[in-house]
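Engineer: Guided by the hints, dock chain B onto chain A, whose structure is given.
These protein sequence lines are chains A and B, in that order. Each residue of the first sequence is one higher than the one before, counting from 1 in UniProt numbering. Each residue of the second sequence is one higher than the one before, counting from 1 in UniProt numbering.
What the hints contain is simulated information worked out from the structure, not anything from laboratory work. The C-beta atom is built at its ideal place from N, Cα and C for all residues, glycine as well. No incorrect hints appear here.
Distance condition first, Cα-Cα at most 20 angstroms in a straight line; then the derived EDC-like pairs of lysine to aspartate or glutamate:
| # | chain 1 | residue 1 | chain 2 | residue 2 |
| --- | --- | --- | --- | --- |
| 1 | B | Lys124 | A | Glu95 |
| 2 | B | Lys124 | A | Asp73 |
| 3 | A | Lys46 | B | Glu120 |
| 4 | B | Lys124 | A | Asp89 |
| 5 | B | Lys124 | A | Glu102 |
| 6 | A | Lys46 | B | Glu121 |
| 7 | B | Lys124 | A | Glu84 |
| 8 | B | Lys124 | A | Glu53 |
| 9 | A | Lys46 | B | Glu125 |
| 10 | B | Lys124 | A | Glu161 |
One-sided excerpt, in silico: chain B residues whose CB lies under 8 angstroms from chain A:
| # | residue |
| --- | --- |
| 11 | Ala122 |
| 12 | Ala126 |
| 13 | Gly129 |
| 14 | Leu130 |
| 15 | Thr133 |
| 16 | Gly222 |
Going by beta-carbon spacing under 8 angstroms, a handful of chain B positions derived as facing chain A:
| # | residue |
| --- | --- |
| 17 | Thr123 |
| 18 | Ile141 |
| 19 | Gln224 |
If you want the building blocks of each chain, they are given just below.
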Amino acid sequence: MIEFEDVTKVYADGTEAIDGINFTVEEGTTTVLVGPSGCGKTTSMKLVNRLEEPTEGTVYVNGTDNQELDKIDLRRGIGYVIQEIGLFDHLTVGENIATVPELVGWDQSRIDDRVDELLELMDLSPEYRDQYPRELSGGQRQRIGVARALAADPDILLMDEPFGALDPITRENLQDEFLQIQDRINTTILFVTHSIDEALKMGDRIAIFDVGEVVQYDTPAEILSNPKNEFVENFIGENQTFKQLSITPVREVMDDPQAYESAESEVAPAADGGEYYSISPDSSLQVGLTRLLSIEHTTLPVVDGGEVVGFLTEDHVRSYFDSAGEP
Amino acid sequence: MSAAHLGVVPLFISPYLEFVVQNVDQLFARLIEHILITAETVLIAVPIGVSLGVLITYNDRAATAVLWLAGIAMTIPSLAAFGLLVPFLGIGSDPVVFTLILYSQLPVIRNTYVGLTGVEEATKEAGKGLGMTRQQRLRRIQIPMALPIILAGVRNAVVIVVGVAAVGAYIGAGGLGEFIFNGIRQGDSVMIVVATIIVSLLALVADYGIATVEQLLRIRNGEQVEQRASTQLIQKAR
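If we strip away everything but chain A, and leave its shape as in the complex, we get:
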């Protein structure tokens, strides 16, 4: 858990980076700090592992004022991923990943096992272990960056624009993969980005920053449906409905299978493995709607683990938005 309590940071040259911010990142959740450049989001993140020190206020890490903790120990317990990745090019992929376990003195066999485990988690084949980072693509390098940050099983993970330097397709893939990884690890994540779309996709909660202040701290759905002020509204930009579609899971909107029995519409056959004619309950409404529009049927079966768990129609989507009072 991370708590910011009235935290202010003024740099030596007098620039006020952040001014009295307050928010709490609950254990095991992901909070995204988002805002235009120079808004203080990266500074806020660096206050957690004390790459920056607060001028006023307190940052609590797992309930302790982090000023009372040893800087080096604190950092070793917090994973750190940056946009430029910062891999150690003179070390192999395996040695890079092993950085923190080595610093904290794990024995070699435990380190080796952990490196294998992380390569697998990051979907990298074991032969990468002995390669040098320079031989790899940007996406693979950032996978290694994430693996290195997770190596010693930190309670907290800090990510500063981790996917910002990647091409759009690689970025999307890595975001999706990371969302799955997030489900498997119980890590408190603080994620910094300038992209509201990335924030909506990755965050359980989002803190929207305007010059040095948090203007709204809420769930993605709440931010989209109730933007607090004009700044937030502008920052979200147009296409709010479209964005809402992309963050609402099908599960929330679908009918249960019984309800369908009486319905008259024709169901798209959920042919064996015919992924195209069915949808998973965790997919977004955006995917669901696109799929509905692309098939000749008006009802799409929602399939989870080979079982039909519900149905999705255009009417469901429409009424969901009507009830949410959306435009």
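Structural biologist: For chain B alone, kept in the frame of chain A given last:
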């Protein structure tokens, strides 16, 4: 054995070869002296230079001052330095080695400093963020990454040392410079030319050898380099 036996050798080369053949023992002895002076200098100069290079990364102003002083040291004419040191260190190789150590400092300090500070900001920040102490960052990241650059500085220094060491013969340090000064005194240009060529060859061999090690280090660091023949040979032998 006379040059006549080397029938195929063009005529203008024969006096030089004759000189080499007749003086091979002496040439070899002077060559060894030359190598020893160089080696002694490098063994003392490199640890000093690298330490200074590391130290000045802690303070920009000290860096400017130290690099400036090392630059000044290089501008002192070697003969003048020898002359000034003889009253304190006597004649022989000591004042020569002392002067050569001074000459070696600029390339070694400069390359160490540039190599260490040239490590990408992101790499240093990642090390810091992951919980490395300043010493650990230096030892595990900066020095290994800077090593090829430091070695390039050493290489630079060695070439300078081999050349200037020849002047040391003037104050009795021995080495291949003996032949050059004798040649000047006796008006024997063959002697001068032969000794000069051997000095140059020694410098080239040292340069090539260190460059090969440098390249192996770059490869060890995961860099992609166009490999020279010697590097390929060593890589294959492994």
